[in-house]
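Just so you know, the sequences run in chain order U and Y. FYI, in our numbering the residues of the first sequence are 20 to 150. FYI, in our numbering the residues of the second sequence are 5 to 72.
Careful: at least some of the hints might be erroneous.
[As the list claims (entries may be wrong)] Calculated from the model, a selection of chain Y residues having no Cβ within reach of chain U, i.e. all distances over 12 angstroms:
id	residue
1	K7
2	A14
3	S20
4	I25
[To be verified] FRET-style restraints, in silico, Cβ to Cβ:
id	chain 1	residue 1	chain 2	residue 2	range
5	Y	M47	U	L32	24 to 30 angstroms
6	U	S47	Y	M47	26 to 32 angstroms
7	Y	A18	U	G102	54 to 60 angstroms
8	U	D82	Y	I25	40 to 46 angstroms
9	Y	S20	U	T125	41 to 47 angstroms
10	U	G80	Y	F21	43 to 49 angstroms
11	U	G111	Y	P55	24 to 30 angstroms
12	Y	P55	U	D27	36 to 42 angstroms
13	U	G111	Y	R9	39 to 45 angstroms
14	U	G131	Y	I16	58 to 64 angstroms
15	U	D82	Y	G53	22 to 28 angstroms
16	U	L79	Y	F26	29 to 35 angstroms
17	U	D45	Y	G17	55 to 61 angstroms
To be clear, the hints were calculated from the coordinates, so they are not data collected in a lab. Don't be surprised by glycine CBs; every beta carbon is placed ideally from N, CA and C.
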Amino acid sequence: MDAAAAIDELRSLSTQIEVIMVANRDGSVTASTVDSGRAERLAGLARDLVAGADSVRGDLGRDALSQLQAATPEGSVFVVLDGQRMAVATTGADPTVGLVFYDLKTLLRQLGDDDKAPAPAPAEAKEGGDA
Amino acid sequence: MPKRRIIIGALIGAGSFAGTIFYRRRSARNRTRVDLYFDDGSMLSLATGAPDADRLLPIARDLLAEAG
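Use the sequences and the hints to build the structure in full.
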């Protein structure tokens, strides 16, 4: 499943998530539920948010940042990090935090599995097997 | 006697209204925070008013506004 299909599926399943985006930590967008212009601005803001949070982490000497939630009365921003990739979601106020994090981790795991999946064997090799 | 009842009723109403406003403001303040989770499983909650939270929350608000 590619990134666009994975986020579309998550968007259709989740009643809490409003916007979903997968991007690299440098702010380049992989896939999003919004148009490309907004997605780029959102990815830039998510990059700044993660960089700021990572700076706090560095000041405190903590382990690497794995995820964050910024909660406001208007809504929440969720970011889950996986290597150089990040999954970003926005929700309304008072979301079910664990569920949103679970969904975003699952999304990144799906994409990670796709990256690791071996390339399908060429048709010739299948036909020329033991049978 | 009826005048006294009206005054007491008005005072109770005003008190309830003020209490509701106070409660809503306090719960809104409590809801505004940044929670950071680390690879070792620990979590750090930065409440609004903390310098680090006040640096991160405007970015989150901009992001929410952009996500609209």
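*Hint numbers contradicted by this structure*: none
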